Amino acid sequence: MIERAIGAPEMALVVAVPLLAACAILLVRRRTAVLGMVASLAIAALAGCLIWRIAQEGPQRMNLGGWSAPLGITLYADGLSGWMLGTTALIALFVSVYGSGYFHRNQPATQFGGTANFFWPLWMFLWAALNALILSADVFNIYVALELLGLSSVALVTLSQAAPAVSAAVRYLLVSLIGSLSYLMGTAFLYAGAGTLGFKELASILHPESFSFAALALMSTGLCMKSALFPLHFWLPPAHENAPAPVSAALSALVVKASFFVMLRLWFSVFDRVVTEEAAMVPGILGAAAVIAGSVQALSAQRLKQLVAYSTVAQVGYLFMVFPLGVLNPSSWTAVGGALYLVSAHACAKAAAFMVAGNVLRAYGHDRIEDLRGVVQQMPVSMFAFAVAGVSLIGLPPSGGFIAKWLLLTAALEGPEWGFAAVIVAGGLLATAYIFRVFSRSFRNVTDLGDFKKIPARMEWSALTLSLCSMLLGLTATHVLEFMQAGTPLIRVAMMEAGP
Amino acid sequence: MEPSDLYGSVGIALFALGIYGATALGQFMRQVLALNVAGTGVFMFLIAIAHRAGTPVPDPVPHAMVLTGIVVAVSATAFILVLIGRLRDLSGSSSAQDDRDD
Chain A
233 MIERAIGAPE MALVVAVPLL AACAILLVRR RTAVLGMVAS LAIAALAGCL
283 IWRIAQEGPQ RMNLGGWSAP LGITLYADGL SGWMLGTTAL IALFVSVYGS
333 GYFHRNQPAT QFGGTANFFW PLWMFLWAAL NALILSADVF NIYVALELLG
383 LSSVALVTLS QAAPAVSAAV RYLLVSLIGS LSYLMGTAFL YAGAGTLGFK
433 ELASILHPES FSFAALALMS TGLCMKSALF PLHFWLPPAH ENAPAPVSAA
483 LSALVVKASF FVMLRLWFSV FDRVVTEEAA MVPGILGAAA VIAGSVQALS
533 AQRLKQLVAY STVAQVGYLF MVFPLGVLNP SSWTAVGGAL YLVSAHACAK
583 AAAFMVAGNV LRAYGHDRIE DLRGVVQQMP VSMFAFAVAG VSLIGLPPSG
633 GFIAKWLLLT AALEGPEWGF AAVIVAGGLL ATAYIFRVFS RSFRNVTDLG
683 DFKKIPARME WSALTLSLCS MLLGLTATHV LEFMQAGTPL IRVAMMEAGP
Chain B
41 MEPSDLYGSV GIALFALGIY GATALGQFMR QVLALNVAGT GVFMFLIAIA
91 HRAGTPVPDP VPHAMVLTGI VVAVSATAFI LVLIGRLRDL SGSSSAQDDR
141 DD
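In order, the protein sequence lines correspond to chains A and B. If you're matching positions, the first sequence starts at 233 in my numbering and goes up one per residue. If you're matching positions, the second sequence starts at 41 in my numbering and goes up one per residue.
No lab work stands behind these hints: they were computed from the structure. Everything numeric in this text was worked out from a predicted model, so none of it was measured. Take these hints with a grain of salt, some might be off.
Residues of chain A placed beyond 12 Å of chain B at every Cβ, according to the derived structure [as the list claims (entries may be wrong)]: (1) Tyr423; (2) Leu518; (3) Gln609; (4) Glu649.
Coverage of chain A stretches by chain B, computed from C-beta distances (three or more under 8 Å per stretch; other residues unrestricted) [said to hold, decoys possible]: (5) 396-407; (6) 413-422.
Here are the simulated distance ranges between beta carbons [as the list claims (entries may be wrong)]: (7) B:Asp99 <-> A:Cys255: 45 to 53 Å; (8) B:Thr95 <-> A:Ser442: 20 to 28 Å; (9) A:Trp299 <-> B:Leu57: 30 to 38 Å; (10) B:Asp99 <-> A:Phe445: 18 to 26 Å.
Idealized CB from N, CA, C, for every residue including glycine.
Extracted from the complex, chain B is given alone in its bound form:
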């Protein structure tokens, strides 16, 4: 088993764990953290597949995808944190359960 296979598998595991957390956890903050774990998993998988057997030069395309993904993840996380903060100011709670209206 090559190291890149190991990294790839761990990436998939982190992604699955993060998606599970983002859907199963009850609080917005925890869901955001879980989403970031899932995102890290995807990035790790992408970095692992950039490895090309027999050459020391990695494939640049997955790297470009990871860079774009990081930019998106940072801005989305910042935005959702601001929204959660605003929601706490407005309703005094950031839990997803307290204001579920259906």
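Chain A on its own, in the form it takes in the complex:
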């Protein structure tokens, strides 16, 4: 399969449509939910077309406006981008459905004075930033997309307007800006040393030299901060906990994965010849520590949203284990495939879990885990969704989480680093403990049910659908792993050159 130089129009549209939709919604200011839903359907359809095209025609490349690099912007889409784009579209579509119920004008408005209208434009900006990031083919475009992503995420966190949310947002923005500056400095080092910014060009130029090590270290540090890798995770729980539920779902499911995706691209394609086994151990060991630390903190969380947020810290830890597992075993796709699978399985499960937490909070006015007695009686759909999402978070068969952890475990046992296998198993046991903590309370039958407000049905059903998607992922593994490898030239350059 050869790359087409003109590129598919969907590539530009998938970024342009959400941007235009955001501006249009800001200007119109009325019927924002209707406009937002129409735009969401359109973007998801465009993403679907692009994925279809990648599967049929192979990787796509496009020079925006006919300007080529270095002054123009190039977009690139291969199986890896297609997978991320699809995950984003699926989660984002259901976040939109959920958001249209959560920010509905019949819902108690006290918490969101006039700010509910701002959810839609900011959410569209966020989606545009995610798509732009995924399709970027050079390191500087990634910087711009990261900044747009950070700004829109922080703005969405502040929608609830309460002091804890604003305080969490300021800390989040500070971390995000430090991370971006560190990344930008790395980009500057790269340009100073290599004289180019494109992924493809860099991959053929970079060799183990001092400037490329410095650039890799600076860029990776910045990206780890944005992905909330332990011990730089301190900003995540307050931000994800205090944000409105649809926003928490999007942040935990998609935004932390976006910077992980950039790390993956950098380590396994751009810097493929620069990374060493010792360097790859650093994110791996931090990831292993995150699995344990995040799970233990989730176990002692007082509130449901807090528990789900700490669970994200733990699950991000699994993702970063791909670096040692992938670098130590360069001929195998197992570890990378496992990490990508986890990205999607966790995205579906975590978005569903945050939606359920939001439903509980909306229905009872609180989400204290100790006081969740009788929730299963009153919200069976939501709690079933939480159970299914929990199965995937723990990694039990036949969920997508199981496939992902199975692949990572296999990769860990193939090489000398069996210590990571022990952490993967321990993390699963800890996840079982914190998920069952919720159910040991909520299944307790009570006769005097507390105050209960009915919530829109779509808030319950979108959570259930997403959790079932995380289950479905477990059943389609072979096709998916094949698709992810479409257009591998950008992945494992060194391996391709070493091969026949």
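Using the hints, position chain B against chain A.
Chain B alone, transformed into the frame defined by chain A:
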């Protein structure tokens, strides 16, 4: 040592100083100022690497990056200042220590 090397080194030093300040200082306002110092350091480094030996014409790509970076830095700083102001209205303090809840 060429002048551009000097500018580049000063840029890196400013970046390091700014990042140290942004992580070590306790107050939000000071952290924002430190971040802007770090940003200036990155921009200075980028401007320095635009110098090409033997030709008076600088490389336009780093300049384009600096321009983009400045736009991002200005908007991010404005946004974070608004947030800090809002936080002061809500809680009567802009210090990072006063409301640390863990």
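Now for the hints, and whether the structure bears them out:
1. Tyr423: 6 Å, violated
2. Leu518: The claim holds: Leu518 (chain A) sits with its nearest Cβ about 17 Å from chain B, beyond 12 Å.
3. Gln609: 33 Å, holds
4. Glu649: 31 Å, holds
5. 396-407: The restraint on the region 396-407 of chain A holds, since 8 of its residues have a Cβ under 8 Å from chain B and three suffice.
6. 413-422: Check passed, 6 qualifying residues.
7. B:Asp99 <-> A:Cys255: 45 to 53 Å: 34 Å, violated
8. B:Thr95 <-> A:Ser442: 20 to 28 Å: Since the Cβ atoms of Thr95 (chain B) and Ser442 (chain A) sit about 26 Å apart, the hinted range of 20 to 28 Å holds.
9. A:Trp299 <-> B:Leu57: 30 to 38 Å: At roughly 37 Å between Cβ atoms, Leu57 (chain B) and Trp299 (chain A) fall inside 30 to 38 Å, so the hint holds.
10. B:Asp99 <-> A:Phe445: 18 to 26 Å: 23 Å Cβ-Cβ, so the 18 to 26 Å window holds.
When each numbered hint is compared with the structure, violations occur for hints 1, 7.
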